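Engineer: Based on these hints, arrange chain R on the given structure of chain P.
Listed in order, the protein sequences are those of chains P and R.
My numbering applies: residue 1 is where the first sequence begins, and numbers increase by one.
My numbering applies: residue 1 is where the second sequence begins, and numbers increase by one.
Keep in mind that the hints were calculated from the coordinates and are not lab data.
In this text the structure is predicted, and so the values were computed from the model without any measurement.
One thing to keep in mind: the hints can contain errors.
[Said to hold, decoys possible] Calculated pairs, SDA-like style, for lysine to any residue (alpha carbon to alpha carbon, straight line, at most 20 Å):
hint : chain 1 : residue 1 : chain 2 : residue 2
1    : P       : Lys83     : P       : Ala128
2    : P       : Lys194    : R       : Asp260
3    : R       : Lys3      : P       : Pro114
4    : P       : Lys211    : R       : Thr214
5    : P       : Lys211    : R       : Asp216
6    : R       : Lys274    : P       : Pro114
7    : P       : Lys10     : P       : Lys274
There are 2 protein chains.
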Amino acid sequence: MAKAITDFSKLCVHSITTKPWPIEKSAREFSDAGITGITVWRDALTGRNITATGKMLKDLNLEVVSLCRGGFFPSVNIADRQKAVEDNLKAIDEAFELGAPMVVLVCGATPGQPLSESRKQIQEGIVACLAHAEAAKVKLAIEPLHPMYAGDRSAINTLEQANDMAETIQSPWVGIALDVYHLWWDPNLETQIKRCGQNDHLTAFHICDWKSPTLDMLNDRGLMGEGCINIKQIRGWVEEAGFNGFNEVEIFSNLYWSQDQDEFLRKIKDAYLKYS
Amino acid sequence: MAKAITDFSKLCVHSITTKPWPIEKSAREFSDAGITGITVWRDALTGRNITATGKMLKDLNLEVVSLCRGGFFPSVNIADRQKAVEDNLKAIDEAFELGAPMVVLVCGATPGQPLSESRKQIQEGIVACLAHAEAAKVKLAIEPLHPMYAGDRSAINTLEQANDMAETIQSPWVGIALDVYHLWWDPNLETQIKRCGQNDHLTAFHICDWKSPTLDMLNDRGLMGEGCINIKQIRGWVEEAGFNGFNEVEIFSNLYWSQDQDEFLRKIKDAYLKYS
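Looking at chain P on its own, in the form it has when it is part of the complex:
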């Protein structure tokens, strides 16, 4: 089991977690709350000068942990796959401008196309972005998604698959983002985390909780401690595997988004210390 967390030096919050706030407001509030990291979702950058936004975050002493998200590589037609690659090159550029060292990939899946084919296309898509990633010094982090998203969001659904793919691609510019929400149920998780760490592929760690019942497959994530995920145990495995980056709070929640975000941020800090 991981050691208790006693401060906020490793706490990162995703911009989407406080979705009702524009990025400028989130940044000020996070900074005032003593939070030290932020992962920026691309929609939060709409209409902004990205370089200036990156500077604003830095001036508030926020470390930009990742840009979310690239990916969505598979498609039944080649033109759309090419468009997806172009969008990922753009995401790499945006990460560079923002000062983010990493783009998180929701790899994609296309209903009606076999998962095996989608997996091949994902790998091809990532490989097609590698030179650009290296030039920008921006890592691409494969994020395995929960199997309930295999139909239309990601054909990469276990850490084992992400490990396989990262090992096959074998590039210092490819890593893996581990989200407890997607992977907590996997009986092979501890083993695969060790493997991921040994390969030096573990580049991001996302936390939240799984509620029972879960009312919405996308936007009913729980605050740490509200659900059944063994977050502390998984953090222990992750740290034993050599990870010493940020613990990123990524909560999509219609419930919390409808509430006061200042209060929500206080709850996040509290839950972070108690249940992460």
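Structural biologist: This is chain R only, laid out in the frame that chain P set:
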């Protein structure tokens, strides 16, 4: 890929698939439609003489494929675990009276209890039922459930886990029920089906489809062909592994349950020939 299906000699429909109908009505309609098997859900037996219901099904030339469902073994307290075992013994008795050769197990999970502990309790629960199962000549079929049910319905979420457990228990009275809805996404599925067949543990095969989007985590299953599951390919793997039992249509669907059930049954037969 499996050979095309050209008749209904292996078609079984679950009583819950046509939930608005009482079991007597389902049985008559299934029989009139040339369907040859039925899996009976326990709730459909409420208030009935079970032996007489079994005879009614037999008289209509319906083979009783399974009784659904036992399981739900884990609990944080021993009294509830004991109660769960007693309920499973009762389910075995009901299967015997009905003439069902098998009870399907939704193994259970308890929010707040580690999955590893729940898995231990599931195994203990099954073992506690074995003598009774043998005496009644009723098999217990472990059904791995989709990882989205790991929070509160089943700590057994992959065929690999079910195979592990069935191998450990090593009893001719323990088998595995494979439902494409729960397992289609698993990259190791083909390998684990082979292993399951080699062990002679593959005792049931359930079909339906996964819709994108899925609007309800429990009751929005699709008719075969409406979603993205590679049903024919999986049926091919299952048959290559030596399975020659029924293809059981198990669809929970608020949508279809709200519609005309005669029409739904026609659609099932049509989809069965085209997409299974």
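Engineer: If a hint holds in the structure, say so; if it does not, say that too.
Structural biologist: Hint by hint, here is what the structure shows:
{"no.": "1", "hint": "P:Lys83 with P:Ala128", "result": "holds (12 Å)"}
{"no.": "2", "hint": "P:Lys194 with R:Asp260", "result": "violated (53 Å)"}
{"no.": "3", "hint": "R:Lys3 with P:Pro114", "result": "holds (19 Å)"}
{"no.": "4", "hint": "P:Lys211 with R:Thr214", "result": "holds (18 Å)"}
{"no.": "5", "hint": "P:Lys211 with R:Asp216", "result": "holds (15 Å)"}
{"no.": "6", "hint": "R:Lys274 with P:Pro114", "result": "holds (18 Å)"}
{"no.": "7", "hint": "P:Lys10 with P:Lys274", "result": "holds (14 Å)"}
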